[in-house]
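Asker: So the sequence lines, in the order shown, correspond to chains C and V.
Heads up: the first sequence begins at 1 in full-length UniProt numbering, then just goes up one per residue.
Heads up: the second sequence begins at 1 in full-length UniProt numbering, then just goes up one per residue.
Hints in this document: simulated from the structure, not taken from any laboratory.
Beta carbons: idealized from backbone N, C-alpha and C, even for Gly.
Watch out, some of these pointers could steer you wrong.
Over the 12 angstroms line for every Cβ pair with chain V, so calculated as not near, a few chain C residues [claimed, not checked]: (1) 9; (2) 14; (3) 15; (4) 242.
Cross-link-like lysine to any residue pairs, in silico, SDA-like; alpha carbons within 20 angstroms at most [what the hints assert, rightly or not]: (5) C:230 / V:370; (6) V:370 / C:176; (7) C:266 / V:368; (8) C:230 / V:691; (9) V:376 / C:231; (10) V:302 / V:265; (11) C:220 / V:360; (12) V:370 / C:220; (13) C:286 / C:217; (14) C:283 / V:362; (15) C:161 / C:228; (16) C:283 / V:361; (17) V:370 / C:228; (18) V:289 / V:300; (19) C:286 / V:362; (20) C:244 / C:172; (21) V:370 / C:172; (22) V:376 / C:292; (23) V:107 / V:157; (24) C:230 / V:188; (25) V:376 / C:320; (26) C:266 / V:362; (27) C:319 / V:302; (28) V:92 / V:55; (29) C:286 / V:158; (30) V:370 / C:217; (31) C:230 / V:368; (32) C:284 / V:265; (33) V:370 / C:255.
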Amino acid sequence: MIATMALPPPDPEFVLRGTAAPVHTLHFSCRSQEPEFPILFSGSANGLVQIWNLKTHRVDKTLDGHGGKSVYWVETIRGRDELLSQGRDQKICLWDLAEGRSMVTDSVSMDSVGFCRCSLLKMAQDRWLIAMPADDPDEVQVLELPSKTSVCTLKPEAGAKLGMPMCLKLWQPGFGACPFLMAGYEDGSVILWNLSMGKMLSRLACHQEPVMSLDFDSEKAKGVSGSSEKVLSVWSLDEQQNLKVHKTHELINSGISDVTIRQDRKILATAGWDYRIRIFGWKKMKPLAVLDFHTATVHCVSFSDHSRPSERLLAAGSKDHRISIWSLYNQT
Amino acid sequence: MWEVCQQHAQAASPELQETLLNKVVCLPDHLSNKLRGENLPIFLPQNYFPLLGTEIIQVLQRISDSLRGGLDCSISFVSQVLGKVCVHGRQKEILSTLVPCLTDLTKSDCIWQRMCWRLVECVPDRWMEAVVCGFVQAVPGADVLSRLLGNLVVKNKKAQFVVTQKLLLLQYSCPTAMLQNVLGYLALDNSRRFLLIKVLQELMETWASSSAVKHSPVEQQLYISKAILICLSHLKDVEIDSHRQELFTCVMEGMKCHLDSNLPRIRCLGMIVAESISSRINTDGPILKFQYEEDDETRELKSLLTQMPSPPSVISPPDEGKDSPSAVTEAESKPDRKPVAAAYAVSEEGSDSELDSDDDFIPYDMSADKELKKTKAPLYIRDCIEVLTGPEDVEKWEATMRVLETLIQRNTAATQEVSVELAKVLLHLEEKIYIDDFMELRQKALVAVTVTDPVPVAQYLTSQFYSLNYSLRQRMDILDVLALAAQELSRPKAPGKSKLSSVQTPYIQILPGSDSSKDWRRIVDERIRSKTRRFAKGQSQVELVCAPNKFSSVAGHFFFPLIQNFDRPLVTFDLLGDDHFVLGRLAHTLAILLYFAVNTVAAAAMGKALLEFVWALRFHTDSYVRQGLLSCVSSMLLSVPSDRLLEDVIEELVETQAWLADVAEKDPDGDCRRLALQNLLLMENLKTKLEAAPS
């Protein structure tokens, strides 16, 4: 009897408490070798970025650079020595964290007041592209870092009525190839932009409501997006650069605030407004687990970048001020 | 012999013709009379009449030859032969050979066409009906019928009567294809179209007449609806325009009496026809739109409407022509499609092998993944009442509704303290917000309350059934709840243990003795079930485990207050008048209550009261009410002990038997007839049992 029944969902590996505010974004940095320890960056609603030591489960350092306004995107560049953080104070800060320092070395100010997270793509050694919402509410701006020169501004045609961009994902088909941008908009459509021409290649209306989050797997040319509705939409990109819906997956409760595909492209995780984290197999969208731990909306999910697959972790940050760390499906 | 026949096709004395006719048509009968067992197979009717058919064709062939040769010929003898054969009931045999040949021959030859028309026209009036009916049945389509009969309906009064009245209004046995033939035939020629319109008017009159709706069987109403829809499909917009006002009045009247009916099937028919007509007469204005459940019948009816009349010029060959290229293209396109699909499959597989599939991951248990509830459901009955009566809190309200039934069942004592109050709240509860299964939840909760505290709640509910200011819906809810609660109470159940748990515990060994007794009960139960018809849902699955029937002590509280007041009309509620639907439900509910009260002390008294109730209402015009009454009789016969029946109500029983026999024979409703027959059978059983007992 017991053998035929599915295992009960696992408990979190550990829980990080102490952000004292809803957690909006998480980012792992676990690649570095011993003696350095794996760390997790968290950005929360009180404007602090906290650096968690995943060995001791304590906060190592707290960065305060957004004047108490919520931080909703963090990402490292150059290993863990430099960090980008985007806040509701309409600023993107570049932090220098090398050798124990913690100071803002540079910042880019944005005029956008939306909730759209930026997206970063490494183009070459010491050259990155960052996509962010532009001054005009429906435009996306792409800058080159560290020079901060504008590469292009992606402006939808007049009358497209897309609304604001809600989520961005920069990607390139192969290293050194021409970069593309996937952007989800307020009207529920996902658009593929060609950055070198600054042109819209394909538009797919896959949701009725604003697209809250998306992730794209450039290898399989397949992506997934979630909105405030009850569905996850999986779409694919064909040879002619056309987006089309691959399948949709019905959820029990509505609202997806974040969706992330694991680096090995085997599973994906969603952060739900229903306080639950859901795990799916990426290939067929087979539901694998529903993790019911948080007591408020889950805002973000993130997979760790451990070089050994068996160590890989999943972190989820929630409005209930907690960060839960899970170890799932990594014994392959 | 055929020689003779052919000669006389031209001219002969009437007497001789008459004799010949007789001989020819009745040959098989005469021969079989004479020869008895040694009859030749060729003279058996099923062989002889097709032969006669081919011979008629040959005769007609010669006639046509002679006509071509300029000779004038009379065809009337052949017509007479045809007519007589048809009136002898051999239409099928003779026309099965005649119609295909004539269809072929008349396709391009106008002399043959004229001959064929003449052939039918010359059939004497007294045989016309048989011939026309035969043709209508035998032809494959309306265009063929039109070719064979010509304008017969316009020229011949008798044929006109048959086609426009008899086939459509006076009977309902023909298949749909035949209806389509008849109406298509009327529509095909301009000179006949006025008949089509006339037919539609008459059909609509019948459809809209309330007495027809009340007294004719459902099958006939279905037939008329079909005919109306086919007519509509044939009529042009201009024609409809000119009769818009008439149609409109008919629709209004007809809709009223159809929607008034207690039988869902008739309501549905009314809705479909009204919808279809309104969509035709209001081309630009708003059209009627009803909600009804789609089933095979409604789909069939709608398909009748959408099929467009084929224009007269188009005959079958071009149709086939049209079909074949499309078939070819389909065949061509198929191989094209396949490689694509195959390639797709291959690529899919390729990606499969290259990456690990999802199946490697074993999913965790996801059963806890339920819809998120923001608020917690209340834990006490009194809280529930507060929530349900208090200010609106949408989520709390829904959570309460969902949890109420289990709460009531769990806390018997707490419920009994507030049972009547809770029943009152539930009965008056309105669906403030939309919940999928609100009606069901409310009903379940009410049933649970009634079961927990039967006497006061039943008293309350039955008193409310006959009080002012309730909607029909609420009154019917009361009836449903009482019936379901009676079922629940009479169903044996170990106290405090749900059935599920007892099934899941495998430790309890059932003793062989009790096992066999269970079988015995089951067989009896099945026998009873096979002989009765029940209308409430789910109550046929009465599980019989030995336990006291809790219903027995309270049955009277359920039953008598309900049966008491049915003949006292209130201002807002008149069971014997307009509210006959509720009366029908009441009858059914009473039957169910008595059925569940089997083996109880009160059953005899209940049976007697019920019989009086039935007797008072036995000539009710509504078939649903009559069905209810008949099931009352069944349940009385089944529940009341037979010796009590004989002691108390023997005279009434005899009278009832006479009534049942009458219903079984004459009732227009099929279900009523069947139920009456079942009752008669039950009575018969009773009688045989009684005869067996004393001896």
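Asker: Decide, hint by hint, whether the structure agrees.
Answerer: Hint by hint, here is what the structure shows:
The Cβ of residue 9 of chain C sits about 4 angstroms from the closest Cβ of chain V, inside the 12 angstroms cut-off, so the non-interface label is violated. Interface exclusion of residue 14 of chain C from chain V stands, the closest Cβ pair being 19 angstroms apart, more than 12 angstroms. With a closest Cβ-Cβ approach of about 19 angstroms to chain V, residue 15 of chain C is found to remain outside the 12 angstroms limit, as its non-interface label requires. With a closest Cβ-Cβ approach of about 16 angstroms to chain V, residue 242 of chain C is found to remain outside the 12 angstroms limit, as its non-interface label requires.
Taken as a hint, the residue 230 of chain C and residue 370 of chain V pair is honoured in the structure, with Cα atoms around 13 angstroms apart against an allowance of 20 angstroms. With a C-alpha separation of about 46 angstroms, the suggested pair residue 370 of chain V and residue 176 of chain C falls outside the 20 angstroms cut-off, and the hint is violated. The suggested pairing of residue 266 of chain C with residue 368 of chain V is violated, with an alpha-carbon distance near 24 angstroms, which exceeds 20 angstroms. Proposed proximity of residue 230 of chain C and residue 691 of chain V is contradicted: the alpha carbons are some 70 angstroms apart, above 20 angstroms.
Taking the CA atoms of residue 376 of chain V and residue 231 of chain C, the gap is about 26 angstroms. The hint is violated against a cut of 20 angstroms. Using a Cα cut-off of 20 angstroms, the hinted pair residue 302 of chain V and residue 265 of chain V holds, with the two alpha carbons roughly 15 angstroms apart. Proposed proximity of residue 220 of chain C and residue 360 of chain V is supported: the alpha carbons are some 19 angstroms apart, at most 20 angstroms. Only pairs whose Cα atoms come within 20 angstroms are accepted, and residue 370 of chain V paired with residue 220 of chain C is rejected, the gap being roughly 32 angstroms.
At roughly 17 angstroms between alpha-carbon atoms, residue 286 of chain C and residue 217 of chain C fall within 20 angstroms of each other, so this suggested pair holds. Annotation: proposed proximity of residue 283 of chain C to residue 362 of chain V holds, straight-line Cα distance about 14 angstroms (limit 20 angstroms). At most 20 angstroms may separate the alpha-carbon atoms for a hinted pair to count; residue 161 of chain C and residue 228 of chain C meet this at roughly 19 angstroms. For the hint pairing residue 283 of chain C with residue 361 of chain V, the CA-to-CA distance comes to about 11 angstroms; that is within 20 angstroms, so the pair holds.
As the CA atoms of residue 370 of chain V and residue 228 of chain C are separated by approximately 18 angstroms, the hinted pair is consistent with the 20 angstroms bound. A hinted pair counts as satisfied when its Cα atoms are at most 20 angstroms apart, and residue 289 of chain V with residue 300 of chain V qualifies at roughly 18 angstroms. Under the criterion of a C-alpha separation no larger than 20 angstroms, the hint pairing residue 286 of chain C with residue 362 of chain V is consistent with the structure, at around 10 angstroms. A distance of roughly 19 angstroms separates the Cα atoms of residue 244 of chain C and residue 172 of chain C; the hinted pair therefore holds under the 20 angstroms criterion.
For a cut-off of 20 angstroms, the pair hint linking residue 370 of chain V to residue 172 of chain C is broken: about 39 angstroms separates their Cα positions. Pair hint residue 376 of chain V plus residue 292 of chain C holds up; C-alpha atoms about 17 angstroms apart against a cutoff of 20 angstroms. For the hint linking residue 107 of chain V to residue 157 of chain V, the alpha-carbon distance of about 27 angstroms lies beyond 20 angstroms, and the restraint is violated. At roughly 55 angstroms between alpha-carbon atoms, residue 230 of chain C and residue 188 of chain V are farther apart than 20 angstroms, so this suggested pair is violated.
Taken as a hint, the residue 376 of chain V and residue 320 of chain C pair is honoured in the structure, with Cα atoms around 19 angstroms apart against an allowance of 20 angstroms. At roughly 13 angstroms between alpha-carbon atoms, residue 266 of chain C and residue 362 of chain V fall within 20 angstroms of each other, so this suggested pair holds. Between residue 319 of chain C and residue 302 of chain V, the direct Cα distance comes to roughly 55 angstroms. Violation of the 20 angstroms bound is thereby established for this hinted pair. Between residue 92 of chain V and residue 55 of chain V the CA atoms are separated by roughly 16 angstroms; this keeps the pair inside 20 angstroms, and the hint holds.
Restraint check for residue 286 of chain C and residue 158 of chain V: not satisfied, since their Cα atoms lie roughly 72 angstroms apart, outside the 20 angstroms limit. The suggested pairing of residue 370 of chain V with residue 217 of chain C is violated, with an alpha-carbon distance near 30 angstroms, which exceeds 20 angstroms. Proposed proximity of residue 230 of chain C and residue 368 of chain V is supported: the alpha carbons are some 17 angstroms apart, at most 20 angstroms. Of the pairs offered as hints, the one joining residue 284 of chain C and residue 265 of chain V is violated, with about 45 angstroms between alpha carbons and a cut-off of 20 angstroms exceeded.
A distance of roughly 14 angstroms separates the Cα atoms of residue 370 of chain V and residue 255 of chain C; the hinted pair therefore holds under the 20 angstroms criterion.
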